[in-house]
Amino acid sequence: MARRYDSRTTIFSPEGRLYQVEYAMEAISHAGTALGILADDGIVLAAEKKVTSKLLEQSASAEKVYVLNDTMACAVAGITADANTLITYARQQAQQYLYTYGEEIPAELLVQRMCDLKQGYTQYGGLRPFGVSFLYAGWDSHFGFQLYHSDPSGNYSGWKATCIGANSSNAQSILKQDYKETGMTLANAKSLAVKVLAKTMDSTTLGSDKLEFATVSKGKDGKIAFHLFSAEEIDQLLKDENVAQFKEEES
Amino acid sequence: MSIMQYNGGCLVGMKGKNCVAIASDRRFGVQALGLSTNFQRMFSVNNRLYYGLAGLGTDVQTLSEKFRMSVNMYNLKEERDIAPTTFASLVSSTLYERRFGPYFSEPVIVGLEKDDTPFICAMDLIGCINFAKDFVVTGTSSEQLYGMCEALWEPDLEPEDLFETISQAMLNAVDRDALSGWGAVVHVITPTQVITRTLKGRMD
Numbered sequence: 001m002a003r004r005y006d007s008r009t010t011i012f013s014p015e016g017r018l019y020q021v022e023y024a025m026e027a028i029s030h031a032g033t034a035l036g037i038l039a040d041d042g043i044v045l046a047a048e049k050k051v052t053s054k055l056l057e058q059s060a061s062a063e064k065v066y067v068l069n070d071t072m073a074c075a076v077a078g079i080t081a082d083a084n085t086l087i088t089y090a091r092q093q094a095q096q097y098l099y100t101y102g103e104e105i106p107a108e109l110l111v112q113r114m115c116d117l118k119q120g121y122t123q124y125g126g127l128r129p130f131g132v133s134f135l136y137a138g139w140d141s142h143f144g145f146q147l148y149h150s151d152p153s154g155n156y157s158g159w160k161a162t163c164i165g166a167n168s169s170n171a172q173s174i175l176k177q178d179y180k181e182t183g184m185t186l187a188n189a190k191s192l193a194v195k196v197l198a199k200t201m202d203s204t205t206l207g208s209d210k211l212e213f214a215t216v217s218k219g220k221d222g223k224i225a226f227h228l229f230s231a232e233e234i235d236q237l238l239k240d241e242n243v244a245q246f247k248e249e250e251s
Numbered sequence: 001m002s003i004m005q006y007n008g009g010c011l012v013g014m015k016g017k018n019c020v021a022i023a024s025d026r027r028f029g030v031q032a033l034g035l036s037t038n039f040q041r042m043f044s045v046n047n048r049l050y051y052g053l054a055g056l057g058t059d060v061q062t063l064s065e066k067f068r069m070s071v072n073m074y075n076l077k078e079e080r081d082i083a084p085t086t087f088a089s090l091v092s093s094t095l096y097e098r099r100f101g102p103y104f105s106e107p108v109i110v111g112l113e114k115d116d117t118p119f120i121c122a123m124d125l126i127g128c129i130n131f132a133k134d135f136v137v138t139g140t141s142s143e144q145l146y147g148m149c150e151a152l153w154e155p156d157l158e159p160e161d162l163f164e165t166i167s168q169a170m171l172n173a174v175d176r177d178a179l180s181g182w183g184a185v186v187h188v189i190t191p192t193q194v195i196t197r198t199l200k201g202r203m204d
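Top to bottom, those sequences are chains A and B.
For what it's worth, the working numbering labels the leading residue of the first sequence as 1, then goes sequentially.
For what it's worth, the working numbering labels the leading residue of the second sequence as 1, then goes sequentially.
Chain B with its partners taken away, still in its complex shape (with noise of 0.2 Å):
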C-alpha cells in the first residue's frame, strides 16, 4: 500500500505549436471504493498558467490553497503576474521545504511565457523540476500516459490537434488503470484564450 496509490489519479500536459494543454481525471477514491467522480486536481493561477497536483488528495488540497496564498502575494507585491519558470520555482521550493516529511503530490505544470512560447514541467514528491520539451505525466497511470503520449504525440500540433491528442492519450491511459478515470477534464491554453472541456469517458 503505497501513500501515492491510496485516493488515485493522474495528470498529462503537452506542448502544441503556440498552445500548451492540460488534462486530469476526475476520480478520487479510498483504494478500491471510488467516491467522486468530480474530484478538482487542476488549478489555474491565471489564464496563461495552469497546474495540475496527482496524489493524496488532502496534499493536492493544501497544496492548492498554499500556492494560492504565495501567488496572491506575490501579485501584490510585485505586481505582476507570475511567470511560468517563477511558478514552477515556487512549487519546487515549496515542495523541497518539506524534505524530509514530504507532501505526497506530484506536480504537473503547463502555461505560455511572456513571448508565447509554451512551457511545460513536471516534479516529483520533493521538487525535482523536470522541464520536458514535449510532454509531462504524473500519476497512478503515469506509465499507460508515458506509453499513450509516446505514440500519439509529435511536434506542433495546433490547438485543436492537440486536443484530440491529449484526450485519446488520457482516455486510453486511464482505462488501463484502477485507481484513474470516472471522467476527464482538457483545458487547452493558446495567447488568446483558454478552452476547458469535459470528456465523456467509461465509468468504470
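For reference, chain A alone in the conformation it holds in the complex (with noise of 0.2 Å):
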C-alpha cells in the first residue's frame, strides 16, 4: 500500500506520512549507537564504531564524532557519506557567521541553519533526505553549554542526555533512570556513558577500538576545550568503570 506513496520525497502520503523522511530514519535505527550526556561543566559524546575490522587504518579520521568549530562537536548516527556533506556544510556555516559578526556562533543557531538545510529535502528538489542524525554538543556565552539532537526531518530539540542509532530506546531509557538533574558533573556524565553504552552495545568485547568517546568543557584558561579520547584513555575509562571486558587468558 505505502509503495505508491514513497517514491518521491516531496509528497505525502494518504494517512499523511512522509515515507522517504521515515525510511531514513529507519536506515539510522541500524547504525552505530551514539549517546550525548549534559553535564553542568561541559558535555559527554560517546559512540560505538560499526565497521571494525583488523585491516582498517585506525588512525584515520574519526567517523562518529566531529569539531565543528572551536565551540561545538557532534556525533553522528547513520550514513557517514551523507553525515560528511552536512559536516562541511556546518562547519561552512559557522566560519560565515564568524566572518559575518566576528563572534562564535550560538549553538542553536548553528542546529537551525543544519535543519533547514536537512528541511529542504524533505520538501524540494526531489532529491533523497539525508540518512542521518546528529548529538550536537556545544557552548554559547547565551546558554552555556548545550545539548541538542536533529534528524532527517529537519526536526531538532534540545536535551539533557539522549541517543540515537542502533538500540538508542534502549540506551533511552537507562538514561531517563539514571540521569540526575543536579549534580551531573562531568565525571559522573562520563560514567554514565560507559555504563550505558556497556548495556546497550552488541559486541560482547567492549574495547577501545569499538568506542569513541569525546567531551567538550572549559579548559583552565577559560576557551572551550574539545578532547577526544585516546585508545589508551577509553582503556583507563573502562577499567574505572569495571566494564572492561577480559580477553581469555592465552595459555
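Just so you know, these hints were derived from the structure itself, not from any lab.
Some hints could be false.
Unchecked claim - With a cut-off of at most 16 Å between alpha-carbon atoms, the simulated EDC-like pairs for lysine to aspartate or glutamate come out as follows:
{"#": "1", "chain 1": "A", "residue 1": "50", "chain 2": "A", "residue 2": "209"}
{"#": "2", "chain 1": "A", "residue 1": "199", "chain 2": "A", "residue 2": "232"}
{"#": "3", "chain 1": "A", "residue 1": "180", "chain 2": "A", "residue 2": "70"}
{"#": "4", "chain 1": "B", "residue 1": "66", "chain 2": "A", "residue 2": "104"}
{"#": "5", "chain 1": "B", "residue 1": "66", "chain 2": "A", "residue 2": "103"}
{"#": "6", "chain 1": "B", "residue 1": "77", "chain 2": "A", "residue 2": "63"}
{"#": "7", "chain 1": "A", "residue 1": "160", "chain 2": "A", "residue 2": "181"}
{"#": "8", "chain 1": "B", "residue 1": "77", "chain 2": "A", "residue 2": "181"}
{"#": "9", "chain 1": "A", "residue 1": "210", "chain 2": "A", "residue 2": "63"}
Take the two lone chains and join them into the complex the hints point to.
This is the structure:
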C-alpha cells in the first residue's frame, strides 16, 4: 500500500506521512549507537563504531565524532557519507557567521542552519533526505553548555541526555532512569555514558577500538576544549567503570 | 593621493638562525590625521606562523577575517596545522581572485616550517609572492625599511640579536615617514616559543 507513495520525497502519503523521511530514520536505527549527556561543566559524546576490522587504518579520521568549530562538536549516526557532507556544510556555516559577526555562532543557531538544509530535502528538489541524525554538543555565551539532537526531517530539540542509532530506545530508557538533574558533573556524565554503552552495545568485547569518546568542556584558560579520548584513555575509562571485558587467558 | 597611503602603516619580516621575526608599527590615521596608536596589523595563524597586512585599514581587517575563516576550515578538514608555504599560496590566491578590483593591502608572512626551517615572504596587492632569503618589507615606509634592513641585517642572527636588529630597523625607518610609527610591536618566533614585545618609540 505504501509503495505508491514512497518513491518521491516531496509528497505525502494518504495518512499524512513522509515515507522517505521515515525510511531515512530506519537507516539510522541500524547505525552505531551515539549518545550525549549534558553536565554542569561540560558535555560527553560517546559512540560505538560499527565497522571495525583489523585491516582498517585506525589512525585515520574519526567516524562518529567530529569537531564543528571552536565551541561545538557533534556525533553522527547513519550514512557516513551523508554525514560528511552535512558536517562540511555546518563548518562552513559556522565560519561564515564568524566572518560576518566576529563572534562564534550560537549553538542553537548552527543546529537551525543544519535543520533548515535538511528540511529543504524533504520538501523541494526531489532528492532523498540525508540519512543521518546528529547530536550536537556546544557552548555559547548565551546559554552555556547545550546538547541538541536533529533528525532527517529537519526537526530538532534540546536534551539533557539522549541517544541515537541502534538500541537507542533501550539506552534512552536507561538514561531516563539514571540521569540526575542535580550534581551531574562531567565525571559523573562520563561514567554514566560508559555504563549505558556497556549495557546496550551489541559486541561482547567492549574495547577502545570499538568506541569513540569525547568531551566538550571549559579549560582552565576559560576557552572551550574539545577532547577526543585516545585508545589508552578509553581503556582507562572502561577499567575505572569496571566494564572492561577481560579477554580469554592465553595459554 | 594614493589609496595605499590613505591610512599609513608598515611591516618588516626577518630571517634569523632557526627563528623569524615580524614587526609592525601601530599608527592608524586618515591621511595627516592620526587616530589610533594601537592598530593591529599583525595576526597569528598558529604559534609558528604569523602574518601582517599593510595598506588600507579596512582591507587589513577584512582580509584577516577572511584568512581566519579559511584557516579554520583548513584545520578542521585537514586535521593539521597549515604550513607557511601553503598559507602563502592561500593568501596569494585570495588576493588574485580580486585581480581587477583588488584589496589594497600588501602582506608579509613569517613562520617556521615543519622541520623548523625559517620562512619569510611578502606579496604585492594582487598576490605576487616574493620568497626572500633575508628580509621583507611593506607599507608606507618600505623604502626606509629597505635601507635600514640592508644596513643592519646579517645572516644567522640569534633570536635576541634578531629582535634588536628588527627593532632598530623599524624604529628608525618609521621616524622618516609621517604616516608610520606611533609605537611598534615585535614578534620573535622560535621552535619553542613566541616572544612578543612592544617597543617604545617616538610618538610624533
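Now the hints, each set against the structure:
no.: 1; hint: A:50 to A:209; in the structure: 10 Å, holds
no.: 2; hint: A:199 to A:232; in the structure: 21 Å, violated
no.: 3; hint: A:180 to A:70; in the structure: 28 Å, violated
no.: 4; hint: B:66 to A:104; in the structure: 14 Å, holds
no.: 5; hint: B:66 to A:103; in the structure: 13 Å, holds
no.: 6; hint: B:77 to A:63; in the structure: 13 Å, holds
no.: 7; hint: A:160 to A:181; in the structure: 9 Å, holds
no.: 8; hint: B:77 to A:181; in the structure: 36 Å, violated
no.: 9; hint: A:210 to A:63; in the structure: 11 Å, holds
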